[in-house]
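> Work out the full structure: start from the sequences and follow the hints.
Number of protein chains: 2
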Amino acid sequence: MRIGIDLGGTNIAAALLDEHMKILCRMNLPTRSERPYQEVIRDMGSLVHGLMRMGNVTPDMIRCVGIGSPGTPEKESGNILFSNNLNWHNVPLLKELAQYVPIPMKVDNDANCAALGEYLAGAAKGCTSAVMVTLGTGVGGGIILNGVIYDGVNHAGAEIGHTVLCSGGELCTCGRRGCYEAYASATALIRMGRQAAQQHPESLLATEKESLNGLRIFEAAEQGDTVAQQVVEEYLFYVAEGITNVINVFQPDVIVIGGGICGQGEKILTPIRKQVEASVFCKQVSVPKIVTATLGNDAGIIGAAFL
Amino acid sequence: MRIGIDLGGTNIAAALLDEHMKILCRMNLPTRSERPYQEVIRDMGSLVHGLMRMGNVTPDMIRCVGIGSPGTPEKESGNILFSNNLNWHNVPLLKELAQYVPIPMKVDNDANCAALGEYLAGAAKGCTSAVMVTLGTGVGGGIILNGVIYDGVNHAGAEIGHTVLCSGGELCTCGRRGCYEAYASATALIRMGRQAAQQHPESLLATEKESLNGLRIFEAAEQGDTVAQQVVEEYLFYVAEGITNVINVFQPDVIVIGGGICGQGEKILTPIRKQVEASVFCKQVSVPKIVTATLGNDAGIIGAAFL
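Going down the list, the sequences are from chains A and B. For the first sequence, position 24 matches number 24 in my numbering, and the numbering has no gaps at all. For the second sequence, position 111 matches number 1111 in my numbering, and the numbering has no gaps at all.
Mixed in with the good hints, there may be bad ones.
[To be verified] In silico BS3-like pairs for lysine-lysine, Cα to Cα no more than 30 Å straight-line: (1) Lys-1289/B - Lys-106/A; (2) Lys-1125/B - Lys-1274/B; (3) Lys-274/A - Lys-1075/B; (4) Lys-1075/B - Lys-1095/B; (5) Lys-1075/B - Lys-289/A; (6) Lys-1125/B - Lys-75/A; (7) Lys-1075/B - Lys-283/A; (8) Lys-283/A - Lys-1106/B.
[Said to hold, decoys possible] If you want the footprint, here are the derived chain A segments under chain B, 3+ residues with CB under 8 Å: (9) 250-264; (10) 268-282.
No lab work stands behind these hints: they were computed from the structure. The structure displayed is predicted, hence computed values, not measured ones. Glycine is no exception: its CB is placed at the ideal position from the N, C-alpha and C atoms.
Here it is in C-alpha cells:
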C-alpha cells in the first residue's frame, strides 16, 4: 500500500492507496499556511497516522509516502527550495516529516504529480509520453517522458506556464510580460471577462461584478451572450496557441488539459483541437491526442503515491 | 571509424572520423536539390566511397554512416517524410543509399545532429543535458537529454523555432504568426535591419540595401551606428526571450547558441545572459550556462557519425 499527499495552498488532501492505484480511504485538513511550517508538517504526519488507523494498517505495510508540493522541491534532500503559495523557503519537508512518519518518503512538484497520476491511471494511461497543462489560478506544466517525470537538471523545469507567448504583453506573476499563464489561466479568463464587461454593460458578464468566475463566463457564452462568447473564443485561442507550442517541441502521445476549466469537456476540446490541427508544425506526421484530465484532484494524490 | 554526412540545402558535407570523433578527411559536393532525389543520393554514395579511398579504408572498417538531413526523417524506415529545403516528400533516403553503401546507416534531423555533435565533442561536452538553438536562415532546435536526442514520439518535435513568442506577430514560414524563428533567425535580424534602414536613411544600414546581412548589422553597431545598435538590441531581446522560455521548460545544464550569429561570441552572450538571469522563473535555483557553439559546421557531421 501507499499514501499520497497533495499539499495545497488551502487544503492538505491525503489518501491510502493499494498497489493498483485504487484509493482506499481519504482524509484532509486545512493547510493554514500562515502557520510555521513545522505545524503544517505535523498535520501531514497526523494525516498519515489517521489514514493508517482508518485503513487498519501498520507502517511496515506502507511502501511509500509521496508528497506533491507546490513550488520547487529538491528531490534528493526532500527540501522545498521555495514556494510562493506556502511562502516557504528552504523548508526541510521530508526531514521534518520523518519525525512523525517511519516510512520511506518522496516529494515532487504538485503539477508533476498530477501529470504522473493522469499518466498512470487517468487520461494518459497507456501512453509513452504525455504533457499535462493545468489551467487553474496559474498554468502548471507536467511532462512525462517514457514514464518518467521530466523537470530538468535542477528539477525547476516544466514551467510551461512561464513561457512567453505574447512578448511585452500582460504582466505575469513571475515578473515577465506575456507568459502563457497570463493568457491561459482561469485568472486570465476572468481578467478578459472583466475587461469585456466594462466595455459592454449590456452583457451578462456585467451583472456579475466581483463574483465573476471562469464557470460563469462559460455559462454566459452558453446562454448566447455574444460578449461572453467572444471572451471564451479569445481565451481558447491562447490556450490552443500554447498547446501548439508544446506539441511542436515535445510531440507527446497525448496532451492532457487539467484544472477547473477542463470540466467544460468537448466545449473547449473541439475548438482547441481544430486550431491545433490547423497550426502545428508538422501536419504531415501525427498530431497528439488532446484530452481533458479524468482524475480531478485525485491525480496529484495518485501521482505522489507512485513517485 | 565512422562517416558523417551533413546533407544541406546547398552542400553535402561528409567526413571520415575515428572513434575519438576526430575528423580524418573530408569531402563535399553541391546538393543541387532541384535534381531528382535519386541523383542527390547517388552523390552521397560517391562521397562515402571517396572518403573510403581517401582514408584507405574498406566498408567493413566503417562502423556507421550517419546522415543529418533537413526536414523530418523517420528514423526507423530511414525515409525523409518531408523537407521544405530539399522539396522532398517521402524520400526513401537510406534504402536508396543502401544501393551504393554496404554499411549500417542512420539518419536524423540536421539540427538534432548538430546538437549531438556539440554535446559529444563541442560546447556542451561533459554535460548531462543540453539544448541547442541554431540561429540561421531559420531557428533550429536540438534537445539532448541524458545523452539521447529528444524529438518526440513521431520524431517531429524539438521545433523550438516554431513556438510562438509574439502571438499575432510576424508571419512565419510555417504559417503561424509570431514564431520564435520570425524574431530570432538571421532572416529576422535582416528584416529588422531593413525596416530600420528605411526609417533612418542616415544610418549605415541604409547604404547596404539588398546586400544587408546579419554580419553587416553587427559591424555597423560596432562602428557606433545607433540605429544598428537598436536593431541588435531588439533582436537580442527576442533571442534571449526565447532562450528564457527554453530554460523555464527544460532547465538543461547548458544552452548552446549555434548558427552564423554565434561568431559574435561575447558580444551577444553578455546581453543574453543578463536578460536571461533577470527573467528566468526559478532564479533561486541554478541558471544554465549559455555558450556559443564551438564546432561550426562540423557539429552536424560529428553528431551524424555518432548517431
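> With reference to the structure, classify each hint as holding or not holding.
A quick look at each hint next to the structure:
no.	hint	in the structure
1	Lys-1289/B - Lys-106/A	holds (29 Å)
2	Lys-1125/B - Lys-1274/B	holds (24 Å)
3	Lys-274/A - Lys-1075/B	holds (28 Å)
4	Lys-1075/B - Lys-1095/B	holds (12 Å)
5	Lys-1075/B - Lys-289/A	holds (22 Å)
6	Lys-1125/B - Lys-75/A	holds (26 Å)
7	Lys-1075/B - Lys-283/A	holds (18 Å)
8	Lys-283/A - Lys-1106/B	holds (24 Å)
9	250-264	holds (count 4)
10	268-282	holds (count 3)
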